[in-house]
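Those protein sequences? They're chains A and B, same order as listed.
Positions 1 to 466 (the numbering used here) are the ones given, in order, by the first sequence.
Positions 1001 to 1374 (the numbering used here) are the ones given, in order, by the second sequence.
Among these hints, one or two may not hold up.
Claimed, not checked - Over 10 Å on every C-beta distance to chain A, these chain B residues come out as not near it, computed from the model: (1) M1001; (2) V1010; (3) I1012; (4) A1020; (5) E1061; (6) A1064; (7) T1081; (8) E1089; (9) S1247; (10) Y1255; (11) I1260; (12) D1280; (13) S1328.
Said to hold, decoys possible - With a Cα cut of at most 20 Å, we get these calculated SDA-like pairs of lysine to any residue: (14) B:K1003 to A:A437; (15) A:K94 to A:R45; (16) A:K379 to A:S324; (17) A:K170 to A:D141; (18) B:K1002 to A:A429; (19) B:K1146 to A:F401; (20) B:K1088 to A:V183; (21) A:K67 to A:R45; (22) B:K1002 to A:D184; (23) B:K1045 to A:R45; (24) B:K1002 to A:E431; (25) B:K1003 to A:S181; (26) B:K1002 to A:R45; (27) B:K1062 to A:G41; (28) B:K1088 to A:A408; (29) B:K1002 to A:A427; (30) A:K94 to A:V117; (31) B:K1045 to A:K67; (32) B:K1002 to A:K379; (33) A:K271 to A:A408; (34) B:K1003 to A:S182; (35) B:K1003 to A:V183; (36) B:K1003 to A:S188; (37) B:K1146 to B:N1091; (38) B:K1003 to A:A429; (39) B:K1088 to A:F401; (40) B:K1088 to A:Y360.
Read the hints as simulated data drawn from the structure, not as lab findings.
Even glycine gets a Cβ: it sits at the ideal position worked out from N, Cα and C.
Letter by letter, the chains look like this.
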Amino acid sequence: MVFSSVPFMFMYLPVVLLVYYMAPWKWRNLWLFVVNLLFYGWGERVYLLLMIFCITVNFINGILIDKYRGDGRKAKLILVLNVVINIGMLVFFKYIDLIIETLRLIPGLSGLEPLGVTLPIGISFYTFQTMSYPIDVYRGDADVQKNYISFGTFVALFPQLIAGPIVRYKDVADQLNFRASSVDQFASGVRRFMIGLAKKSLIANNLGSLWDIYAAASASELTMLGSWLGIIAFSLQLYFDFSGYSDMAIGLGRMLGFEFLENFNYPYISKSITEFWRRWHMSLGTWFRDYVYIPLGGNRCSRRRQFFNILVVWALTGIWHGASWTFLLWGLYYALFLMVEKAFLLKRLERAPAILSHIYTLLIVIVGWVIFQLDSLDKCAVYLSAMFGLGGAGFAVTSDFYYMLSYAVTFVIAMAAATPLGARLYARAPEALRSCAAPALIAVALILATAYIVDGTYNPFLYFQF
Amino acid sequence: MKKISSWIQVFIFTAFIGAAFILNLVLPDKEMSEVENRTLQQFPKFTFENFVFGSFTTDFEKYANDQFVMRDGWITVKAATELAVGKKENNGVYYCEGDTLIERFEAPDDDSLLQKAGYVNALAEKLDIPVYFAIIPGAAEIWNDKLPANAPCDSQKELIDLVYSAVPDAETVDMYGALNPHADEYIFYRTDHHWTSLGAYYGYTALMQAMGMEANGLDHYDVKTVSDAFLGTVYSTSGFTWVTPDSIQTFVNPYDGLSITNYPQGEPLEGVLYDESYLDKKDKYSMFFGGITPLIEIDTGNEGLPSLLIVRDSYMDSLTPFLLEHFSEIDIIDLRYNNANLSQYIEEHEIDSVLVCYSAYNFSIDTNLYRLAK
Chain A
1 MVFSSVPFMF MYLPVVLLVY YMAPWKWRNL WLFVVNLLFY GWGERVYLLL MIFCITVNFI
61 NGILIDKYRG DGRKAKLILV LNVVINIGML VFFKYIDLII ETLRLIPGLS GLEPLGVTLP
121 IGISFYTFQT MSYPIDVYRG DADVQKNYIS FGTFVALFPQ LIAGPIVRYK DVADQLNFRA
181 SSVDQFASGV RRFMIGLAKK SLIANNLGSL WDIYAAASAS ELTMLGSWLG IIAFSLQLYF
241 DFSGYSDMAI GLGRMLGFEF LENFNYPYIS KSITEFWRRW HMSLGTWFRD YVYIPLGGNR
301 CSRRRQFFNI LVVWALTGIW HGASWTFLLW GLYYALFLMV EKAFLLKRLE RAPAILSHIY
361 TLLIVIVGWV IFQLDSLDKC AVYLSAMFGL GGAGFAVTSD FYYMLSYAVT FVIAMAAATP
421 LGARLYARAP EALRSCAAPA LIAVALILAT AYIVDGTYNP FLYFQF
Chain B
1001 MKKISSWIQV FIFTAFIGAA FILNLVLPDK EMSEVENRTL QQFPKFTFEN FVFGSFTTDF
1061 EKYANDQFVM RDGWITVKAA TELAVGKKEN NGVYYCEGDT LIERFEAPDD DSLLQKAGYV
1121 NALAEKLDIP VYFAIIPGAA EIWNDKLPAN APCDSQKELI DLVYSAVPDA ETVDMYGALN
1181 PHADEYIFYR TDHHWTSLGA YYGYTALMQA MGMEANGLDH YDVKTVSDAF LGTVYSTSGF
1241 TWVTPDSIQT FVNPYDGLSI TNYPQGEPLE GVLYDESYLD KKDKYSMFFG GITPLIEIDT
1301 GNEGLPSLLI VRDSYMDSLT PFLLEHFSEI DIIDLRYNNA NLSQYIEEHE IDSVLVCYSA
1361 YNFSIDTNLY RLAK
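Isolated chain B, as found in the complex:
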């Protein structure tokens, strides 16, 4: 009995490490991880010099890890084990009630926030057109009551109040006040850090109020569900790979006379309101305007209305469609990829007002806001 058991133990161990060895050797290497959303390390080039003095061994270890057989499955096993032993988070993401994943928010120190607020205020002070400033709270704030009990998570409301208090020359927008009463609605994706189109609609009402304009009611829109299979960034971070995907909706349809020019590489190209090719990819949220780009210029086709310049992060991409019927021209700048002189741009394009709009999360980590003050 003991002898047989010994043989079985030896077999299990050697077969396991041997099978993994052989499978890793035979199975073809992958280029890309869908779940992690990045390219995977390929077999590093071997030269004597690279081996002795270079990065061969570290690259090889990355290669071995990245190409490990059933990599995504092991990550799921780990995430499930963490939950089973009583943890309510994995890789910094909380597993909340209702299949909702919320990433822990850690506020940076006040000084760095106030410095960035100063850049926004400098822009407002310099321009003689109205500057609107909005910080959008995320699910970690609005859906705070879904978090596990006592879970550490810094307040975004406090961050917004602090930053707004340091921007006296801009017109601040009360995004928190617009979203919080609707906390029980589907205003954030459960698997992504963005707000849904419904959340963006409430953001739009706050913006209209700040600008002294009339917002449309919800019944004004023709709501379409364009995807039921959206698994976003928080899903990728978490390892909780079994959660139900999100659905993506659009409220505003493209129409004749709408003309969008996108400058992905600096040269003008015809842009689109919704790039549906992204719905077949992992990064489905990028369907709004086709994702990251330094500059988008929108001629809404509506004559006689004011023009707006938006300095923004990706949250604005799902809000902008609501603005089309209120403006004649809307230009969207991403400061990370666009180093344009804003005053000059505003003069050249005869802009009537400016909106600076960031999510609380991106505002805390952004490093390009100083460009506002130039």
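Only chain A is shown next, with the shape it has when bound in the complex:
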């Protein structure tokens, strides 16, 4: 179930909220635990068992690590074992076929058959979440959780189960045991959810259909203007899709009394790649920083060692995004720019005119998305040559102008919404104006989003076409 769908918004959510607020406090976590499993099980009946296994193993290991706290070796052993189980699960269910396909290239191993494992929904997110818990307990950053229901509620919490943000246990530990709720918090959850819903259903899906047109174009059809329209549409689509999903997660969390950390902070206004990665998918960056980069020595070591650490973290970040070597390449591409910036460029960028820094950053990010989204190097080469005027289809054809004009308003809205402009205006508006505007905007967004969600399933049957 995705959030922007009829079954979630108009069946699941009303029932979840109604029972949650009718139930006394001590039953609320149990109710959330049950509906979380229902939410996950709706999409993944069999893999639900895998998730329950994951919850149970991490829960028990947390208790054991706490118990052997005095005995450093035993605690460490359990911790290592736990990390191996979590990573092992992720590697098996996500990467095993990629590994087999790659091994097949070695002569003598070509007889290996891919296993055809389907990826369990959200496994990349929830294994990272569960892994963080025993580490936090081991380091003394979080207290042990002795209530299975509370721990299960944390792992499977439906707002962030499928697409993040990646919530670390220590950030919500207190909220699992007690959370207050107020109408102001619920209302801010509603506003946040509606912002995310509008981003996803009104902007991201719309621009996605433009990207689909250009992504499907052959080398002889792809013009320079068209390739830029396509990749800019994709860059915006990905941001609005992903950050919209995070907004909805944060909003739903607030409706249930949780406060999650932010996941995006207007990444496209960055003036360097270093800054971009502090603003894009922040919960993933934080996770790798806390559990990989800093344990490797972080910044407090030699320059060469720092570069090695960056390389490791960005190779992992890249491949985390999907089981394809192009994602690894995409990660290393960023590692390169981050190292160059660390070496000398960052200081120069700070002194350069803002416009140059912005162009530099966006150009690298946009070219990065080509590598990210096209699944082979051949396709990347074709697309990039079209973008830089080396393609065979020339500068533009008439349909490019049609699409540019058709999507002009959407592009302008999307680009403005990718900056903090709207939020600043809202924050500066007088209290009275905000109090009136918020309900009206929520109503309009509800109507439009519902129309787009319902239309997404519009499926006229035209048997009399013939």
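Guided by the hints, dock chain B onto chain A, whose structure is given.
Using the frame of chain A, we list chain B on its own:
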């Protein structure tokens, strides 16, 4: 003030999702969507096995979407919003000047077209009676100037020229040349992909010319408007539900001595020239001969004239009435539902000539033309 506003925000949100939840629960489920012209998903049967391993959850999601309260209204809101933000199309349909809806045409690759042309030519080569071949261009071609500026839409004229060039053994019919000079007339429905009866009349003149026969003038006919409420397939696809409906006209009246035999299920039944019961339904164009059927045999009652076999799509249904007075027998075959051996059929029924006639759109997507070459 802030507190009140918070309460209002919470109320709007929860009331909206709650009201939709309750209305969906209480309102009776619908069997059929008029606008989308299909049966809607009903509540799927729940069994443990179906839930865990089967299609229960996907069927349930379809059910929830199909039965959503005021479904058609939401679709209209979306289509109107798309226009408001500067798009000139929705679901692949262009919103053109004069309340006209035109579906984007995408030509298939040349190889598949030439392959199909080869089937037509094989039929013409095999038979020793004349074979006429016609491709009818649609509104996307003839009304090209009504499309939004620069709108992508492949040329059907190029498609016709390409296909005709690969059919040397058949007599091709210049439908484009007959329709294009009348582009400013009401020759296509504004909400449907078919041509109007007037468009079919111009098609008939092209056919007569190719066959070396004399066509009647327009004043020969007694034109009747049988419906003012036709909303066709393009309307259904588009979501532009507010456009003015089309009207349907007939030019030729049924007469005594006309005998039509229809074989909807393989058994002969008495057929009709116009089945007016369709005028009360959504699919009004099917009033011509009563819609889809594998075979129709028409005894026109006119003695001493040649006989004609038509292999066709639904465009022919509105053209055929014009042909009645020029032939003694007209048999109509729909290749999708009729796998008959054509040579044998022609011999048995002493057919004098054959017409293969498709719209450019149907010719590009059809997958049964190979049956011609058998």
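- Numbers of unmet hints, in rising order: 1, 2, 3, 4, 5, 6, 7, 8, 20, 21, 26, 31, 32, 33, 40
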